[in-house]
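S.K.: Top to bottom, those sequences are chains A and B.
Under the numbering used here, the first sequence has 204 at position 204, and the numbering climbs by one with no breaks.
Under the numbering used here, the second sequence has 63 at position 63, and the numbering climbs by one with no breaks.
Because the hints were derived from the structure by calculation, they are not lab data.
Please note that a few of the clues may not be correct.
What the hints assert, rightly or not - Which residues of chain A face chain B? A partial, calculated answer using Cβ under 7 angstroms:
{"hint": "1", "residue": "LYS12"}
{"hint": "2", "residue": "ASP16"}
{"hint": "3", "residue": "ARG19"}
{"hint": "4", "residue": "ARG216"}
{"hint": "5", "residue": "GLY217"}
{"hint": "6", "residue": "THR218"}
{"hint": "7", "residue": "GLU220"}
{"hint": "8", "residue": "PRO221"}
{"hint": "9", "residue": "LEU223"}
{"hint": "10", "residue": "CYS224"}
{"hint": "11", "residue": "ALA225"}
{"hint": "12", "residue": "VAL227"}
{"hint": "13", "residue": "GLU390"}
Stated by the list, open to error - When the alpha-carbon atoms are kept at most 20 angstroms apart in a straight line, the in silico DMTMM-like pairs for lysine to aspartate or glutamate are as follows:
{"hint": "14", "chain 1": "B", "residue 1": "LYS202", "chain 2": "B", "residue 2": "GLU235"}
{"hint": "15", "chain 1": "B", "residue 1": "LYS143", "chain 2": "B", "residue 2": "ASP126"}
{"hint": "16", "chain 1": "B", "residue 1": "LYS143", "chain 2": "A", "residue 2": "GLU215"}
{"hint": "17", "chain 1": "B", "residue 1": "LYS143", "chain 2": "B", "residue 2": "GLU129"}
{"hint": "18", "chain 1": "B", "residue 1": "LYS14", "chain 2": "A", "residue 2": "GLU390"}
{"hint": "19", "chain 1": "B", "residue 1": "LYS14", "chain 2": "A", "residue 2": "GLU391"}
{"hint": "20", "chain 1": "A", "residue 1": "LYS98", "chain 2": "A", "residue 2": "GLU127"}
{"hint": "21", "chain 1": "A", "residue 1": "LYS52", "chain 2": "A", "residue 2": "GLU127"}
{"hint": "22", "chain 1": "A", "residue 1": "LYS52", "chain 2": "A", "residue 2": "GLU129"}
{"hint": "23", "chain 1": "B", "residue 1": "LYS143", "chain 2": "B", "residue 2": "GLU98"}
{"hint": "24", "chain 1": "B", "residue 1": "LYS143", "chain 2": "A", "residue 2": "ASP16"}
{"hint": "25", "chain 1": "B", "residue 1": "LYS202", "chain 2": "B", "residue 2": "GLU33"}
In this text, a Cβ means the ideal position worked out from N, Cα and C, and glycines have one as well.
Single-letter residue listing:
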Amino acid sequence: MNPRAVSIVLRKELRDLLRDRRTLRAMIVVPVCVTPLLMLSLARVTRAVTAKAQAEVPAVQILGGEDSPAIVRQLEQDPKLRIVPAAADWRQEIADKKIRAAVQIPAHFEADLAGGTAGPVVLFNYEGELRSGYAAAELERTFRQLRDSVVQQRLAQRGLSPALLQPFAVRRENVSPPERVAGNRLGGMVPYFLVLFCFMGSMYPAIDLTAGEKERGTMEPLLCAPVGRTDLVLGKFLTVLASAFAAGTLACLSLTLTLRWGKLGPGADLGLNQVDPAGIVGVVALFIPVVVLISAAMFSLALWARNHREALSSIQPLMLVVFVPTVIGMMPGIDLTAKFALVPVLNLSLACREMLSGIWHWHLLALIFASTAAYAAAALAIAVRMFNREEVVFRT
Amino acid sequence: MIATQLLTKSFHDKQRGEIRAVDGVTLGVQPGEIYGLLGANGAGKTTVMRLLATLLRPTSGSATVAGHDVVTQSRAVRAQVGFLAASTALYGRLTAREVITYFGELNGLSAAAVRGRVAQLADELDMHEFLDRRCEGFSTGMKQKTSIARTLVHDPAVMIFDEPTLGLDVTTARAIVRFVRECRTRGKTVIYSTHLMHEVEKLCDRIGIIHRGRLLAEGTLAELRQRTGEEDLDEVFLKLIGEEGDS
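Pulled out of the complex, with its shape left as it was, chain A reads as follows (with noise of 0.2 angstroms):
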């Protein structure tokens, strides 16, 4: 390897592009502003729409309930409910969202609740939808309420105590600290938007350095020069690391100071500045060989293919590859094993959360960052290989 050779490629390859466009709004547009942007937007429209919805008061029908007058009128004095008219169609107008939802009270209702006898009440609403949801929510409350009256008067009458329906209380309480709790909400979530912009920040420089130059016809030229093949592809090679490093460096940044000082409301933050510091320091030295193995993986395709075209085709599947890890990595009940650390990408996904919450499993970090490296080592040695072999850098 000739160093000077890679350095006046990589200097080259960056120069141009930072010149170009699409690789500036993939690498610093997309992470720095339109993420920050969209999250803000959607916390914002988030929180109008919700408090819009809380501080509605839902229209809602009562079917039946003509010999349960009292708690028709309770219905009707609750501030929270609007009381309208029944209809027929009233099925049609809860799916038209006329009104929010609608209660049936069976017949004599309130004289079988004397009796201990009544049948039930059923709320009809619109699943899925908020207000409906909040009408029906408001709804069933006044009823349990109701309820609990009954059964509280019922047992005064008996001479009972309330405390015998209820003889002892269940609470739950979290011991775990709270940067655990707040490393393992967001250690699934920083492995999935680092590999994401990493990823994004990459892909188009991988391929315009390798099918882009083949397809410009700019590589004979450039394999004409005496410069071993070795030295052009790390020079290219380290051209991508450095566009997945600045984008997901820059996302990350991006994504902190959204978090933190975004206004994003209550508990939106997930618990950022309870994170352990030492577990940042962990995330980004398992990260670098993991964006070195994408990135290779990344070059590789793109070199292979024979235009701009067939290249973001071969390396969208590999997209599935990388990110179906990163989303398991989130999922719950998925713990760090020995067999886990060994496959690339859900191995920091599942280490990430382990090391933000403050917990240390050296050897299984030790495995973690050396399968990773030999994986990354491996795929860029297929690369450099691939430079060499005539029928991939003459593939056109």
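Assemble the complex: chain A is given as a structure, and chain B must be docked to it using the hints.
M.R.: Positioned in the frame of chain A, the structure of chain B alone reads:
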């Protein structure tokens, strides 16, 4: 300066099996000489050029360029070679100066040497007007001048031209032809591949007729005319490849 001995290159094609793109080609080119490799499309011209430029490795046979073996001393060969083809392009987002500098640096020139060489080439090729503009907006003429400067930046002793005028307008093609002649005047060894008879007639000191990967005939234009008994080069060419087809 260029010498090949039974140079052969085979490719493997999934559908067609083994294809012999270059089949036992033996030729020699001396300094100050333009050797024209004349052949139809697919005759094997580009493969010969790529073998000489060490972009491809021969399947068998040997070749030396500027005294260096193309297989065992490929880097030394590339340091002595300038390669220009119509199909090669420039980096659109770089300026002409940056492109020439890049290739100068890759060829091992120091920063000061590259600066001096860029200034010299810009003078010679009248490039000052667009030297610091990005190549993406260049006219064909500007692109050709920049490509020539890139090829010459390290002052190679051997020039390999692979159909350099293909698809160019008359004015630009004429500029290229003039440049090739200048290379001969400067004592460079030039090998020039083309399928255009008139270019061969105007430029080449000696001509090699290549067909289906094989060098069928070699000599000066007068020698080839004498051998075939034809005056017109088109007829000379057709007669020579016809002989091959008949055999």
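S.K.: Each hint needs a verdict: does it hold in this structure or not?
M.R.: Taking the hints in turn, this is what the structure says about them:
1. LYS12: Holds: closest Cβ of chain B sits about 5 angstroms from A/LYS12, inside 7 angstroms.
2. ASP16: holds, 5 angstroms
3. ARG19: holds, 4 angstroms
4. ARG216: The hint holds - A/ARG216 has a Cβ within 7 angstroms of chain B, the shortest such distance being about 5 angstroms.
5. GLY217: holds, 4 angstroms
6. THR218: Holds: closest Cβ of chain B sits about 5 angstroms from A/THR218, inside 7 angstroms.
7. GLU220: With a minimum Cβ separation of about 5 angstroms from chain B (threshold 7 angstroms), the hint on A/GLU220 holds.
8. PRO221: Holds, because the Cβ-Cβ distance from A/PRO221 to chain B comes to roughly 5 angstroms (cut-off 7 angstroms).
9. LEU223: holds, 5 angstroms
10. CYS224: holds, 4 angstroms
11. ALA225: Because about 4 angstroms separates A/ALA225 from the closest Cβ in chain B, which is inside the 7 angstroms limit, the hint holds.
12. VAL227: Where the cut-off is 7 angstroms and the nearest Cβ of chain B is about 5 angstroms from A/VAL227, the hint holds.
13. GLU390: holds, 5 angstroms
14. B/LYS202 to B/GLU235: Holds, at roughly 17 angstroms.
15. B/LYS143 to B/ASP126: holds, 13 angstroms
16. B/LYS143 to A/GLU215: holds, 17 angstroms
17. B/LYS143 to B/GLU129: holds, 13 angstroms
18. B/LYS14 to A/GLU390: Given that 20 angstroms is the threshold and the Cα spacing comes to 16 angstroms, the pair holds.
19. B/LYS14 to A/GLU391: holds, 12 angstroms
20. A/LYS98 to A/GLU127: holds, 15 angstroms
21. A/LYS52 to A/GLU127: Measuring from Cα to Cα gives roughly 18 angstroms; hence the hint holds.
22. A/LYS52 to A/GLU129: holds, 13 angstroms
23. B/LYS143 to B/GLU98: holds, 13 angstroms
24. B/LYS143 to A/ASP16: holds, 18 angstroms
25. B/LYS202 to B/GLU33: Holds - the C-alpha atoms of B/GLU33 and B/LYS202 are around 13 angstroms apart, at most 20 angstroms.
Violation of the numbered hints given earlier is absent; every hint is satisfied by the structure.
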